[in-house]
Amino acid sequence: MTTIDLDYSTLDQTKLDDLTAYIDSLEHPEESLIHVLHRAQKLFGYIPYNVQFFVAKTLKIGAARVNGVVSFYSFFNEQKPGKYTISVCMGTACYVRGAEKVLQKLLEKLEINKGDVTEDGLFSVKDVRCIGACGLAPVVTVGEKVYGHATEDMALDIIDKYRGDLDGN
Amino acid sequence: MNTLNIHVNGRPMMVKKGITVLEACHQAGIKIPTLCHLNLEEYGIVNKVASCRICVVEIENRATLVPSCAEKVYEGMHIKSDSLRAINARRNNLELLLSNHPFECLTCTKNLTCELQSLAEELNIRDISFTGKKMDYPIDHSSEAIVKDPNKCVMCRRCETMCNDVQTVGVLSGLRRGFDAVVAPAFNLDMLETSCTYCGQCVAVCPTGALTERNDVPRVWKRLSNKNYHMVVQVAPAVRVALGEMFGMAPGSISTGKIVTALRRLGFDAVFDTNFGADLTIMEEARELVHRIEEGGTLPMLTSCCPAWVKFIEHQFPDMLDVPSTCKSPQTMVGAIAKTYYAEKVNLPSKQIKVVSIMPCVAKKAESARPELSKENLHHVDYTLSTREFGHMIKEAGIEFEALPDGDFDNILGESTGAAAIFGTTGGVIEAATRTAYELLTGDPLEHIDFEELRGLEGVREATVTIGDLDLKIGIAHGLGNARKLLEDIKAGKADYHAIEIMACPGGCIGGGGQPYHHGDMSIIKARQKAIYDIDKNTPRRKSHENEMVLKLYQDYLGDPYGEKAHDLLHTCYTKGERI
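In the order they appear, the protein sequences are chains A and B. Number 183 in our numbering belongs to position 169 of the first sequence; there are no gaps in the numbering. Number 18 in our numbering belongs to position 12 of the second sequence; there are no gaps in the numbering.
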């Protein structure tokens with residue numbers, strides 16, 4: 015039997031209040047699930063199960079539907095991301111130009127699975143759908159920063175660069 | 007213009023505007039294979055996610071093939087359903103669906119009733135050109151009622167349509183995407199941890215073995231072979247008008263007598279009728295209604311025979327638990343009486359008696375397991391089998407069902423009236439209650455027994471029955487989505503019913519999740535319903551309070567209807583649940 019913590023009373027009350035106020039401000043809250051989820055992710059940094067459950071309760075819709083939407087869109091995170099989220103675009107253009115290899119290199123170097131966080135909490139790696147920068151394919155992003163024409167070597171450089179940041183370089 | 011001129015495989019025809027290519031082909035006498043498509047016209051819902059691509063056809067001057075279930079016809083359309091390209095594409099798509107399917111067909115619950123299997127035969131698949139990566143998801147055995155095996159899922163989303171749009175329970179959803187996609191409860195919870203009502207409508211529409219009822223047949227065989235137990239069995243009203251379908255009989259064939267004989271041959275010591283329990287339910291429920299009306303109790307009173315409905319209100323409307331009648335369901339009433347009154351009669355300790363129920367229902371399995379439906383730590387009902395499981399037992403035993411002579415139920419829990427028979431259809435429970443409440447309230451004999459205004463298959467119905475100087479306002483809903491509408495009206499103070507009957511399944515128990523598969527064919531449900539009313543019409547006594555054996559039970563054992571002992575044995579309570 016799975017045991018999943020859905021208790022949202024342990025969440026930051028100020029953030030929950032903010033989310034509730036946002037939902038209350040909507041004209042058709044039950045039809046605005048995606049907007050509400052964006053707000054939730056902005057507030058909490060990711061959308062853990064108990065936040066999803068809270069959203070379902072507040073919007074008076076099924077938790078399965080909320081979870082279905084959150085798990086469908088790669089933009090939404092269900093797990094707490096690392097300090098830096100490295101996203102590899104797996105849209106068609108990036109894919110055919112070798113995005114898969116870049117992704118594998120990142121995962122191999124960081125010794126994690128797709129979607130997971132490194133033990134030191136620094137990095138998480140995920141694949142995303144087309145981000146609309148096909149001319150730069152394959153594309154890797156870290157936060158707002160975009161790395162075009164990415165290669166396996168570049169992948170290693172990116173990791174080093176952000177590790178270096180932490181060391182104060 | 008409301009008609010369009012089109013060509014189907016070169017032949018010209020005129021069709022109505024607005025129909026799909028699939029429907030046009032059907033009118034042209036051409037069968038296009040479908041898999042995800044599910045036509046629930048009675049609900050105004052058609053599942054046409056066009057996810058399976060089994061129904062693709064060629065349209066002249068169109069580069070790509072189109073799914074015929076989701077494409078509307080237009081003027082001058084040339085449809086080619088029998089071109090090599092279309093036939094090959096359909097075969098390819100099916101092969102792709104089969105490429106990661108676990109080939110457990112020989113041991114699958116759905117063996118020979120699986121739509122994927124039938125399609126493979128229909129499309130003449132002889133080998134599969136693709137090898138897909140097999141899924142390896144754990145099978146969810148958590149609940150007492152439904153087994154979910156995601157490895158057999160073809161993502162047709164029919165269960166989602168039933169769970170979300172028809173029943174509005176909202177437990178199942180597609181999660182994740184691509185190869186990782188799966189249909190599951192939120193957060194991939196076990197079914198037991200959700201607000202699943204176990205109505206089994208997902209099971210009823212699942213084309214494969216991904217959603218099935220829990221198989222309780224082996225447990226029952228084991229108990230039957232153990233001579234230390236006195237095996238009691240009961241049969242629900244809707245089973246007798248549907249079981250025959252599993253043996254080639256026409257939908258709506260009544261096989262009560264054959265069922266009794268089959269059960270005796272299977273080795274049961276006593277064969278009882280859930281209809282007896284239905285009459286007993288009415289004795290209590292009609293009195294409870296009269297009590298609530300006369301004493302100013304909570305109104306409306308809602309019926310409580312349907313366990314999926316009970317679970318629905320517990321989870322979806324937890325602040326309204328004072329509206330359902332406190333009466334236990336007929337199956338648990340029979341179980342309770344079998345282990346007390348009957349046990350005393352045959353001089354056996356309760357624990358030596360095992361009660362098996364044959365039900366048209368999947369939720370009844372979960373109901374039997376509810377802890378409060380017990381006495382002295384003994385569940386009223388020990389095992390619940392669906393109509394389908396019972397059919398399988400008959401086949402296993404090699405009994406030629408069609409050739410069986412008729413048998414009679416054992417006394418005293420075998421006697422029943424026409425009022426009990428109609429418990430199997432939407433509108434039946436409330437009609438039965440009205441027949442008795444009328445005579446209770448007026449003291450006069452009821453002349454017109456048939457309350458036609460309470461019958462039919464419309465999702466929500468209402469009627470006013472004049473009883474003396476009281477206008478009894480009655481509401482009826484079948485399908486949980488319709489029930490939700492009624493409940494929301496009550497909550498908003500917009501409804502002033504005295505009594506409401508709710509059944510979770512389309513048509514009531516005749517369309518139950520445990521019945522022989524009807525594959526969405528509502529004419530089967532209608533035939534079963536007609537048979538139910540025929541049984542009622544042809545039963546000598548048609549009011550529950552005229553059931554002599556029920557009256558004897560009160561006289562010998564229970565005392566007054568709705569009295570102290572009756573409360574102890576025949577009434578129950580409800581528990582607030584969470585919506586998830």
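The hints are simulated quantities; they were obtained by calculation from the structure and are not laboratory data. One thing to keep in mind: the hints can contain errors.
[To be verified] Mimicking BS3-like on lysine-lysine, the simulated pairs with C-alpha atoms at most 30 angstroms apart in a straight line are:
no. : chain 1 : residue 1 : chain 2 : residue 2
1   : A       : Lys119    : B       : Lys500
2   : B       : Lys491    : A       : Lys71
3   : A       : Lys74     : A       : Lys97
4   : B       : Lys139    : A       : Lys74
5   : A       : Lys128    : B       : Lys140
6   : A       : Lys74     : B       : Lys497
7   : A       : Lys123    : B       : Lys140
8   : A       : Lys74     : B       : Lys582
9   : A       : Lys140    : B       : Lys491
10  : A       : Lys140    : B       : Lys140
11  : B       : Lys582    : A       : Lys71
12  : A       : Lys119    : B       : Lys139
13  : A       : Lys71     : B       : Lys500
14  : B       : Lys139    : A       : Lys115
15  : A       : Lys29     : B       : Lys582
16  : A       : Lys71     : B       : Lys140
- Query: Can you give the numbers of the hints that this structure goes against, from lowest to highest?
  - Reply: 1, 3, 4, 9 and 16
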